[in-house]
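Based on the sequences and whatever the hints tell you, model everything.
Keeping their order, the protein sequence lines are chains S and V. Oh and the first sequence: position 72 is 99 in the numbering used here, straight run, nothing missing. Oh and the second sequence: position 294 is 321 in the numbering used here, straight run, nothing missing.
I should point out that these hints are in silico values taken from the structure, not numbers from a laboratory. Be aware that one or more of the hints could be misleading.
[As the list claims (entries may be wrong)] Derived, one-sided and incomplete: chain V residues facing chain S with beta-carbon distance under 10 Å:
1) 101
2) 102
3) 111
4) 177
5) 225
6) 228
7) 256
Glycine included, each C-beta is placed from N, C-alpha and C at the ideal position.
Protein chains: 2
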Amino acid sequence: MTQPILLGGVEAGGTKFICGVADVGGRIIDQIRIPNTTPDETLDAVAAFFVKAQARHGKLAALAIGSFGPLSLRSDAADYGAITTTPKPGWSNINLLAHLRRTLDVPMTLDTDVNGSAIGEHLFGSGKGLDSFCYVTVGTGVGVGVMIDGAPHGGANHPEAGHIRLPRAKGDETFAGVCPFHGDCLEGLTSGPALHVRWGAPAETFATDHPAWAMAAEYIAGLCTNLTYMLRPERIIIGGGVMQPQMYDLVRQALTRQLGGYDASLRDLDMEAYVAAPTAGASAGLIGAFAIAYRSITGQWPPDWATQG
Amino acid sequence: MTQPILLGGVEAGGTKFICGVADVGGRIIDQIRIPNTTPDETLDAVAAFFVKAQARHGKLAALAIGSFGPLSLRSDAADYGAITTTPKPGWSNINLLAHLRRTLDVPMTLDTDVNGSAIGEHLFGSGKGLDSFCYVTVGTGVGVGVMIDGAPHGGANHPEAGHIRLPRAKGDETFAGVCPFHGDCLEGLTSGPALHVRWGAPAETFATDHPAWAMAAEYIAGLCTNLTYMLRPERIIIGGGVMQPQMYDLVRQALTRQLGGYDASLRDLDMEAYVAAPTAGASAGLIGAFAIAYRSITGQWPPDWATQG
Chain S
28 MTQPILLGGV EAGGTKFICG VADVGGRIID QIRIPNTTPD ETLDAVAAFF
78 VKAQARHGKL AALAIGSFGP LSLRSDAADY GAITTTPKPG WSNINLLAHL
128 RRTLDVPMTL DTDVNGSAIG EHLFGSGKGL DSFCYVTVGT GVGVGVMIDG
178 APHGGANHPE AGHIRLPRAK GDETFAGVCP FHGDCLEGLT SGPALHVRWG
228 APAETFATDH PAWAMAAEYI AGLCTNLTYM LRPERIIIGG GVMQPQMYDL
278 VRQALTRQLG GYDASLRDLD MEAYVAAPTA GASAGLIGAF AIAYRSITGQ
328 WPPDWATQG
Chain V
28 MTQPILLGGV EAGGTKFICG VADVGGRIID QIRIPNTTPD ETLDAVAAFF
78 VKAQARHGKL AALAIGSFGP LSLRSDAADY GAITTTPKPG WSNINLLAHL
128 RRTLDVPMTL DTDVNGSAIG EHLFGSGKGL DSFCYVTVGT GVGVGVMIDG
178 APHGGANHPE AGHIRLPRAK GDETFAGVCP FHGDCLEGLT SGPALHVRWG
228 APAETFATDH PAWAMAAEYI AGLCTNLTYM LRPERIIIGG GVMQPQMYDL
278 VRQALTRQLG GYDASLRDLD MEAYVAAPTA GASAGLIGAF AIAYRSITGQ
328 WPPDWATQG
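Rendered as structure tokens:
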């Protein structure tokens, strides 16, 4: 009897770590939700889950982690595998890979949480069949995964497009912004915490015609404009808590205006298709992590996980 | 006696078209400079040059054109091979490839002028040995070539990062900008023509301590900030008429300030190396076109053109 190939996945977030084990078909056979407390406690619980899961199901062939960041992802960097400078208290300079390797003897890959979700969308969501698209999440922070030729773009480390600079929206000239590094970068102006500070209440309490939404849409459209001119993606998938249902049309209208009729290929964009909601569901990030683990041993994305999620 | 492999290249600019023939080692064996007048006259002269060059030197194996744009570069587009909507009078909706194919029976490839120059820098200039870098030119317009994994990034068409949105520089809150599509996009605020309108005289007449330079550096650093956060390139190479020698340190200082100490890998950037001048010389664009032609028949960049230029 041959040992079945098992994959481990972790979706590491600011409030919780979702850990799972899947078979080679991407089917989840074990899963746990671990609250994010201290790094030691949380990572020990993650390692303990996989130790126990291996005792129960068999040895993992590979494990992948999609994590909040920023991360050190160049394998030649001294701190490769670490969360570097994060606003999340206690988590700066925590080496995720090094910590898990104390206990787990499994080949491990680290990538950003947004890349995990982007891969989930690529396999069975709004990014299916697309070579080049962007996955954006606007919530506690603003994160962007850039898929180019069917794989997450890395470069000298990994994109952090939530921190780009944009013009102020009309009527928002004086708000200082909340980003600890930049003040009024995109994330500083329009993340969930930014909206809370800017308008004095949590965004989820605003009526759908509250002016905060049109202003947030102006900034998110600014991100889309700059992504469009810099990368010419085939689609921009936008999710996260700030992207309430009414936001999609507001973003599309602002983006059409901002693109300014430049170039026939942009004038002819089908905005409904170009600015899309994620459709891969809440498991996209975890299954994306399984897919990264799969790719780390086979060199390619799983061809047949399209029905998952 | 076997026929030597000959490559054709065109650097198509707003004022002139440089055409050349090179051998497989990238050595130029014939060259002409054709003024850009009307599309018919200019393109007929380009075709006539290559007809004559083939009679003299032998048949071209491939021809590549690096052109001003925007261009239609997706081979499945109805207008593939065309300049689409350009401010250059008379050149909108001119199909470069179709026009040349009337006369020339040679396999042809079209790319942007900035990608041609970026490839020249990659072969024997400031981009040598780098997988991912950006080539920026700030002159009549603002153009950006994005090299990812050693090749120009295309996406759904080609980047036009000169048209991104950026915050206004201090003291520049009221200038409307000169971009016919966007007004105050990056190109509308800081191209050569924008500086001329903004300050009432051509930029080349300004003393090196004229306030125009620091303001232009603020905008160009804004482009570098957004390129950094979106793409994490290994280097940003900046040339063009606006990039006078004193501009490099101004851009580096503004960029350091704008990045705001985010992330160890950005705090540790060697700014002298990160923001660099082009070094491949005036022939970079033409030799880049030869390299694109070479790659269209061999599938790879020429390995041994490093001493050219």
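Hints versus structure:
Annotation: residue 101/V was flagged as interfacial toward chain S, and the flag holds, the nearest CB pair being 8 Å apart, inside 10 Å. Because the beta carbon of residue 102/V sits about 13 Å from the nearest beta carbon in chain S, more than 10 Å, this interface hint is broken. Proximity of residue 111/V to chain S holds as hinted, the smallest CB-CB distance being about 5 Å (cut-off 10 Å). With a cut of 10 Å, the hint placing residue 177/V at the interface with chain S is violated, because the nearest CB-to-CB distance is about 12 Å.
At about 17 Å, the closest approach between the beta carbon of residue 225/V and any beta carbon in chain S exceeds 10 Å, and the interface hint on this residue is violated. About 26 Å separates the beta-carbon of residue 228/V from the nearest beta-carbon of chain S, more than 10 Å, and the hint is not met. Annotation: interface hint on residue 256/V holds; nearest CB of chain S at approximately 5 Å, less than 10 Å.
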